[in-house]
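Mapping to the numbering used here: the sequence shown position 98 is 1267, numbers consecutive.
Where hints are given, some of them may not hold.
[Claimed, not checked] Restricting the straight-line Cα-Cα distance to at most 20 Å, the calculated cross-link-like pairs of lysine to any residue (SDA-like) are:
# : residue 1 : residue 2
1 : Lys1278   : Arg1337
2 : Lys1278   : Glu1307
3 : Lys1223   : Asp1397
4 : Lys1392   : Glu1270
5 : Lys1392   : Ala1344
Since the hints were made in silico from the structure, they are not lab data.
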Amino acid sequence: MTDALRPMTKQRLYEQVLDRLRQYVTEGGLRAGDRLPPERDLAQRLGVSRASVKQAIVVLEVQGLVEARHGGGTYLVRDSLDVEPVDRMVERRRRLPDVLEAREALETKLAELAAERRTDDDLAAMRAALAHMAEEIEAGDGGVEGDRRFHAAVTAAAHSGLLADFMRSIAEQIAESRNESLRQPGRPHRSLAQHRAILDAIAEGRPRQAAAAMRRHVRTVAKVRLLDWDPEEEER
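Construct the entire structure; sequences and hints are all you get.
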């Protein structure tokens, strides 16, 4: 059965605001660090409620495109507002809790096994991954590739083919959760510190401590703005 003739969805008002803001930034030549007009002014100029503008700003915050400073306005984080479609955000929000639950179950066990089975080469791979992540963060990036390499190195160090297969089967979803986490303000540095704690426990051959450190890390990953976002808030 095709779903091509599924019911049409009405575009939410704040989605229209997002389109206008993207156009405003592009046509105005705004860059990272520039300030958007106040919400009250935007609402007046666009002819919409302030609630609609606020919901649009929240979507931009969730996607890491703007930073709303308390009492200080809203500033661009990037040179453009390449907004992810809201429906895609809603879908990610729906599946993210299951992904994070699976990560906690799998990765805590992988860290425990890595502490028991790691080789010198495994430890070298983990250290190299963290060095790469630190370089990325220093360069102003989120450290996504270094993060990916570190978790891949921990998985390899566990020397469990079946668990590695499970991790590969949800690799795309894990990448989504990684990107979501590392776009949170201050998160890259915190994530790097947690990775180092995991590595220390693995290097010292302490399985229980390695599992506990990984559990703390994955639970931090689970604290993302997306899960607090309500796409229907404006309409209530």
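TODO: Any hints from earlier that this structure breaks? Give me their numbers in increasing order, please.
DONE: 2
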